[in-house]
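Asks: If you want the building blocks of each chain, they are given just below.
4 protein chains.
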Amino acid sequence: MHRERFYTLSASCPDRTGIVAKVSGFIAEHKGWILETALHAEPAVEADKRGRYFMRIEIRADSLPFMLSEFRERFRPIAEELQMDWKITDSAVKKRVVVLVSKQEHCLYDLLARWQSKELDIEIPCVISNHDTFRGVVEWHGIPFHHVPVTADNKAAAYAEVQRIFEEVHGDTMVLARYMQILSPDLCAAYPGRIINIHHSFLPSFVGAKPYHQAYDKGVKLIGATCHYVTADLDQGPIIEQDVIRIDHSDAVEDMVRYGKDIEKTVLARGLRYHLEDRVLVHGNKTIVFR
Amino acid sequence: MHRERFYTLSASCPDRTGIVAKVSGFIAEHKGWILETALHAEPAVEADKRGRYFMRIEIRADSLPFMLSEFRERFRPIAEELQMDWKITDSAVKKRVVVLVSKQEHCLYDLLARWQSKELDIEIPCVISNHDTFRGVVEWHGIPFHHVPVTADNKAAAYAEVQRIFEEVHGDTMVLARYMQILSPDLCAAYPGRIINIHHSFLPSFVGAKPYHQAYDKGVKLIGATCHYVTADLDQGPIIEQDVIRIDHSDAVEDMVRYGKDIEKTVLARGLRYHLEDRVLVHGNKTIVFR
Amino acid sequence: MHRERFYTLSASCPDRTGIVAKVSGFIAEHKGWILETALHAEPAVEADKRGRYFMRIEIRADSLPFMLSEFRERFRPIAEELQMDWKITDSAVKKRVVVLVSKQEHCLYDLLARWQSKELDIEIPCVISNHDTFRGVVEWHGIPFHHVPVTADNKAAAYAEVQRIFEEVHGDTMVLARYMQILSPDLCAAYPGRIINIHHSFLPSFVGAKPYHQAYDKGVKLIGATCHYVTADLDQGPIIEQDVIRIDHSDAVEDMVRYGKDIEKTVLARGLRYHLEDRVLVHGNKTIVFR
Amino acid sequence: MHRERFYTLSASCPDRTGIVAKVSGFIAEHKGWILETALHAEPAVEADKRGRYFMRIEIRADSLPFMLSEFRERFRPIAEELQMDWKITDSAVKKRVVVLVSKQEHCLYDLLARWQSKELDIEIPCVISNHDTFRGVVEWHGIPFHHVPVTADNKAAAYAEVQRIFEEVHGDTMVLARYMQILSPDLCAAYPGRIINIHHSFLPSFVGAKPYHQAYDKGVKLIGATCHYVTADLDQGPIIEQDVIRIDHSDAVEDMVRYGKDIEKTVLARGLRYHLEDRVLVHGNKTIVFR
Numbered sequence: 003m004h005r006e007r008f009y010t011l012s013a014s015c016p017d018r019t020g021i022v023a024k025v026s027g028f029i030a031e032h033k034g035w036i037l038e039t040a041l042h043a044e045p046a047v048e049a050d051k052r053g054r055y056f057m058r059i060e061i062r063a064d065s066l067p068f069m070l071s072e073f074r075e076r077f078r079p080i081a082e083e084l085q086m087d088w089k090i091t092d093s094a095v096k097k098r099v100v101v102l103v104s105k106q107e108h109c110l111y112d113l114l115a116r117w118q119s120k121e122l123d124i125e126i127p128c129v130i131s132n133h134d135t136f137r138g139v140v141e142w143h144g145i146p147f148h149h150v151p152v153t154a155d156n157k158a159a160a161y162a163e164v165q166r167i168f169e170e171v172h173g174d175t176m177v178l179a180r181y182m183q184i185l186s187p188d189l190c191a192a193y194p195g196r197i198i199n200i201h202h203s204f205l206p207s208f209v210g211a212k213p214y215h216q217a218y219d220k221g222v223k224l225i226g227a228t229c230h231y232v233t234a235d236l237d238q239g240p241i242i243e244q245d246v247i248r249i250d251h252s253d254a255v256e257d258m259v260r261y262g263k264d265i266e267k268t269v270l271a272r273g274l275r276y277h278l279e280d281r282v283l284v285h286g287n288k289t290i291v292f293r
Numbered sequence: 003m004h005r006e007r008f009y010t011l012s013a014s015c016p017d018r019t020g021i022v023a024k025v026s027g028f029i030a031e032h033k034g035w036i037l038e039t040a041l042h043a044e045p046a047v048e049a050d051k052r053g054r055y056f057m058r059i060e061i062r063a064d065s066l067p068f069m070l071s072e073f074r075e076r077f078r079p080i081a082e083e084l085q086m087d088w089k090i091t092d093s094a095v096k097k098r099v100v101v102l103v104s105k106q107e108h109c110l111y112d113l114l115a116r117w118q119s120k121e122l123d124i125e126i127p128c129v130i131s132n133h134d135t136f137r138g139v140v141e142w143h144g145i146p147f148h149h150v151p152v153t154a155d156n157k158a159a160a161y162a163e164v165q166r167i168f169e170e171v172h173g174d175t176m177v178l179a180r181y182m183q184i185l186s187p188d189l190c191a192a193y194p195g196r197i198i199n200i201h202h203s204f205l206p207s208f209v210g211a212k213p214y215h216q217a218y219d220k221g222v223k224l225i226g227a228t229c230h231y232v233t234a235d236l237d238q239g240p241i242i243e244q245d246v247i248r249i250d251h252s253d254a255v256e257d258m259v260r261y262g263k264d265i266e267k268t269v270l271a272r273g274l275r276y277h278l279e280d281r282v283l284v285h286g287n288k289t290i291v292f293r
Numbered sequence: 003m004h005r006e007r008f009y010t011l012s013a014s015c016p017d018r019t020g021i022v023a024k025v026s027g028f029i030a031e032h033k034g035w036i037l038e039t040a041l042h043a044e045p046a047v048e049a050d051k052r053g054r055y056f057m058r059i060e061i062r063a064d065s066l067p068f069m070l071s072e073f074r075e076r077f078r079p080i081a082e083e084l085q086m087d088w089k090i091t092d093s094a095v096k097k098r099v100v101v102l103v104s105k106q107e108h109c110l111y112d113l114l115a116r117w118q119s120k121e122l123d124i125e126i127p128c129v130i131s132n133h134d135t136f137r138g139v140v141e142w143h144g145i146p147f148h149h150v151p152v153t154a155d156n157k158a159a160a161y162a163e164v165q166r167i168f169e170e171v172h173g174d175t176m177v178l179a180r181y182m183q184i185l186s187p188d189l190c191a192a193y194p195g196r197i198i199n200i201h202h203s204f205l206p207s208f209v210g211a212k213p214y215h216q217a218y219d220k221g222v223k224l225i226g227a228t229c230h231y232v233t234a235d236l237d238q239g240p241i242i243e244q245d246v247i248r249i250d251h252s253d254a255v256e257d258m259v260r261y262g263k264d265i266e267k268t269v270l271a272r273g274l275r276y277h278l279e280d281r282v283l284v285h286g287n288k289t290i291v292f293r
Numbered sequence: 003m004h005r006e007r008f009y010t011l012s013a014s015c016p017d018r019t020g021i022v023a024k025v026s027g028f029i030a031e032h033k034g035w036i037l038e039t040a041l042h043a044e045p046a047v048e049a050d051k052r053g054r055y056f057m058r059i060e061i062r063a064d065s066l067p068f069m070l071s072e073f074r075e076r077f078r079p080i081a082e083e084l085q086m087d088w089k090i091t092d093s094a095v096k097k098r099v100v101v102l103v104s105k106q107e108h109c110l111y112d113l114l115a116r117w118q119s120k121e122l123d124i125e126i127p128c129v130i131s132n133h134d135t136f137r138g139v140v141e142w143h144g145i146p147f148h149h150v151p152v153t154a155d156n157k158a159a160a161y162a163e164v165q166r167i168f169e170e171v172h173g174d175t176m177v178l179a180r181y182m183q184i185l186s187p188d189l190c191a192a193y194p195g196r197i198i199n200i201h202h203s204f205l206p207s208f209v210g211a212k213p214y215h216q217a218y219d220k221g222v223k224l225i226g227a228t229c230h231y232v233t234a235d236l237d238q239g240p241i242i243e244q245d246v247i248r249i250d251h252s253d254a255v256e257d258m259v260r261y262g263k264d265i266e267k268t269v270l271a272r273g274l275r276y277h278l279e280d281r282v283l284v285h286g287n288k289t290i291v292f293r
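Protein chains in written order, with the working numbering: chain A, 3 to 293; chain B, 3 to 293; chain C, 3 to 293; chain D, 3 to 293.
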C-alpha cells in the first residue's frame, strides 16, 4: 500500500478563463508529474458576481527539480495574479491529530485500529478526555493520555488546558470523537477548519442533545451521522461527510444508538481522511470535497 | 405473479399476555391458513402505562369456512375483549386510488406504469390536477381526468370540488403525486390516514417550499424524499417511508431536483404499496410498517 | 433548468507530463471558458508500460471565437502529438436514441417520462420491439413504433431489420430497455460502445437468464442491476453503472422482480445519461465514468 | 441499555394450520409475556411438497412460572406433534465466541470495542491466530491469546489444535475475523452453523483469493462483503448478511481494500449479532434472518 512521496496543492480563486492553463503550465514547465487532479467551478450566486474556482493537484515529489520551499516561492506570483487562497503540503510530513473522547469507545477504537495499521498514516501525539475511562488502552498503544475533567464551573480553565496541550504537541487537527462537550467559542475560533466533530444525526435534523431520542420520537425511517467542522454555532459548521442507515418501528432508542455507532465511526473516518488529505475546501458554510 | 385470494387482518390493542394465542387460536379453530404474520409490541412510554400491540395477518380466503362478513361477526367478541382497533380487508376487492398531480411528470408516469402492468393492482377511478398538462396521457390510458384549477381566491371551492369528486368515485386513498398545493385543513381532517403525500426532502429537514434549494444552501451530502400521511400540519404527518441519495459539491440545484425525482417516485410507490396492503398502522404521530 | 450551449471534449492518451497544460493552454489561448473538467490517470498495469490519461472538458460555446469544425482543425496537431483518441460534441445537437423493448413496461415508461419532460434532452426517432404490446403508448407520444418479431428461425433477418431501421433513422445509441433478446454478434460488433443494456443482476453474479431466480436460490441479501455496453460476450461488456437493493427471506421471486424493476430503471437512466453526456470512456473491458 | 432476562425460542417445522395457535397458546397458558415474535412461512418448492414454517419468540423469563428445563420438558410434546427442530436459549447465559484472526486488525479491533462496551454481551474465552501480531492488544484486554501457526505441512495438526482449544474453552461460536486460512473439511463438518466467516466480496461474485483484485479487474461499480456460515465448500455456505459500498474508476485496489474493511467489519458484526441472538435459522443453503 506504499505510495511515492507527493505534494498536494489545494487552492481556490475567483473564476476566470485560463486558471488551469496557468497552474498546469507552471507544473509542466518544471516537468512535474501530476498524479491526481480535481477541479470545480462554483457558480456565482448572484448574476453580477463572479464564481469561485477550486482545485486540488497531487504532484510526484521526485518529478520536480526543487523542494517545497522553492515551489512555494516560484508559484507565488501566479497565485497572486489569480488572487488565490492556496497551500501545498508534503505527503512525507505526517499530520498530527489530537483525539478528544469521553466515555464512548467506538470512534476511539476505530481510530486506533486505523492508526495502528497505518491505514491512517498520521501521528496521534495524545488523546485528551474529560474522563479517565480509556487511559489504559490509549497508553497501551504508546500514546500519551491527558485527563482534563470538564465541569459546569471549570469550563474556561478546562478548555484553556485543552488548547495548551494541543499547542504543546503541535497539533494540526483536533478530532472530537464523540467528545460530548460543547467547546468554548474561543477555542472554536482559534482553529477554524481544524476541529472536526462527529454528530450523531443527519444534520440539519436533530441538532443538539439526544438526537437518537429526537429521531425516535419523530418516527424517521433512516438515521444518520454528520462529520463537520466545528464553529461557535452548535452543530452548524460546514458539513464534510454524512451517511444514514435504515431502521424501523421495531428499533428502540438503544437499537438506534447501536446502529448509529457504526455510521458514526465510518463517517468520522471518511471525513477525517478527506480533511487530512487536503480534499476538503471550505466555501462559506459549505465544503467542496474532492473525494 | 398470481397470488391466491386472501384476507388481511390488521389490528392494534393494549398490550397484555395471550393476544396472539387468542387471535391465532380463533383462526386455527376455523382451519384458517395463515400466509403471513407480523407482530409488534410497542413499549409503554411511561412506566405506569401499558404498551400497545400491533398485528397484521394474511389468511387464505379459501381456507376459511365462511365469508368476510361472518368472519367480522365471529371475531367481534375477541376484538372487544382485547379492546382492539381492527379491520379486515379482502385482496379481491381492489382499492380505489385517486391521484392528484400538478405539472411534474415523474410520479404520475411511474404510477401509470405500475398500474398498467398490474404491479399495483388497483383502480385509478380518476386523476385530478390543478393544470391541464397531463390530460392527454391520462385519458389515453382510459382514466378520467379532472382539471380543478386552484388559485389564491378559489381554494375553498377548489378543495370542495376535489372532495366531491373523491366521494363521487368512491375513493379509498388520495395520493398527492407532487401535487404542490397545500390541502385545506378541512380536507385533511376528512380523511385521516387516507391521504398520502410525497415530500421532496428527508423530513424533518427542509419542511415547506423549495426543499432542494434549502438542501443546496445547507451543503448536505445526501438528499432524500419522504412519503407520509397528510395532516393539517404541513409536512408533519406520520412518516411511512423515506430514502436518500448521495450528492456532492458538483451538483447544482437542478441536478438535485433530477436525482430527487428518482427517489421521490420510488419512495412514493413503496409507501403507497405498504398502505394499500394494510401494512401501515398509525400510532400517534408515528407508523408501524410491516414490510 | 436551461444551460448555455457547450462543447464537450472527451479524450484519452498515453500518460506523460504536460497533457493538461497543453490542452488547457490551447483552450485558454482562445479564451475558452471551461465549465467542468474531469481528469483521470489510469496507472500502467505492468511496470514497464505507460499508464493512460483520460479527460473530459466542457467549454462554453460562445466563449470561443470559432465553431466546432474549426476547433477540430486547430486542436488536431495537439491531439496528434499526444496520440489522443478524442472527440468533441455539441450540446445543441441532440443525440438520437433508439429504444428496444419487449413486454415489460417499467424501463420504457421511465424513459418516456424523462424524454417527455426534457430531463433527458434527446430525440427518440423510434421504438423497436419484438412484440406489439407498447405500440399504443409509444405512438400516442408521437414516436414511431416498429414491430420486428424475433423467432428461433428468423434471427438473422430480424437483426438485419433492426440494424436497417437504426441506420435509417441515423441512430446514435441503441438502448436495450429490457429487450430480453440476445443480439447477434454482428450487430454487437457493428456498434461498439453504442449499444447499452440493462441486466437485472449485480454482475458478474447471475449472468444470463432468470437472474432473480438465481439470486433467490443462492439466498443473497441484496439484489442489483447493471447497465453495460453490449459486446458479443453475453452480459460481459464494460460496466457503466450498478446499484442494489436490500431484500430478505420473506421476499419471493416475484417480490424480487418488483424491487428489481425500480433498480433497473434508475440504473439504466443513470448509465444512459452518463453515456449521452460523453462521461463514459471505455478502457479495455472497464469504464472511466466522469460523473 | 439494560433489558430484562428473556428466553428465545427458535424453531422450524413442516407448515400446516394451527402452528402459531399451538405455540402461542402454550405460552399464554403459562402467562408467558411475549416480547418479540417473528414468523415466516417458506413456500414449498414443488407443488406437491409442504412448505416449512419458521419462528422466533422472545419471552420474559420472570413471566413464566418455571425455569428453562421445565419449559423444555413441557413444550416437548407440542414440538413433537409439530415435528419441530427447536431450541430455547436464555439471555442470561452469555455465548462463548472464539475469534480467529490473521494479520489484519480491523475486524479484531471492532469486535474488541463492541465486547469491551458490552454492545456485544458475550464471552471471548480466547483469540486464536496463525500469527503473533495481535498478542499484545488481545492480552491487554485480559483475553488469552493462542498462536497456532499454519503452514503447508502442518494443516491437519494446526486445525486439530484449533479444535482442541475451541473444545477446551467450551466455545459456542467460532468467528473467522479475516482469518485468511481455509479450514479443513473435518473442522467445518464438526460445527455446522457454528462457524462464521466474513468474505471480502459480494458473494457469489469473486469467490476465493484476492476478491478486490478480481473486482478491480472486472470494473464493478460497487464492492461488498458477505458474512456466512462456513461449510466444506469454500465461500459457499449459507449467507447471513451482506452489504456494499460504491467505488469508481479512481479507486485503486488498495483504496478498495480500505473501503472494503469498513463494510467487512460492519457486516461481520451484524451477522454475528443475528447469530448470537438466535435470529438466523438455516434452511438448506439459505438463511431465514429475523432481524
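To be clear, the hints were calculated from the coordinates, so they are not data collected in a lab.
Worth double-checking, as some hints may not be accurate.
Which copy is meant is left open, because identical chains are indistinguishable; a pair holds if it fits in one copy or across any two.
Straight-line alpha carbon distances no greater than 27 Å define the calculated BS3-like cross-link-like pairs of lysine-lysine that follow [unchecked claim]: (1) LYS120 to LYS288; (2) LYS33 to LYS105; (3) LYS97 to LYS288; (4) LYS51 to LYS33; (5) LYS96 to LYS220; (6) LYS24 to LYS97; (7) LYS212 to LYS120; (8) LYS220 to LYS157; (9) LYS89 to LYS24; (10) LYS51 to LYS288; (11) LYS212 to LYS51; (12) LYS157 to LYS89; (13) LYS220 to LYS51; (14) LYS96 to LYS24; (15) LYS51 to LYS120; (16) LYS89 to LYS220; (17) LYS105 to LYS120; (18) LYS89 to LYS120; (19) LYS105 to LYS288; (20) LYS288 to LYS212; (21) LYS212 to LYS89; (22) LYS89 to LYS105; (23) LYS89 to LYS288; (24) LYS33 to LYS288.
Asks: Tell me the numbers of any earlier hints that the structure contravenes, in ascending order.
Replies: Violated hints: 1, 2, 5, 6, 8, 12, 14, 15, 19, 21, 22, 24; rest satisfied.
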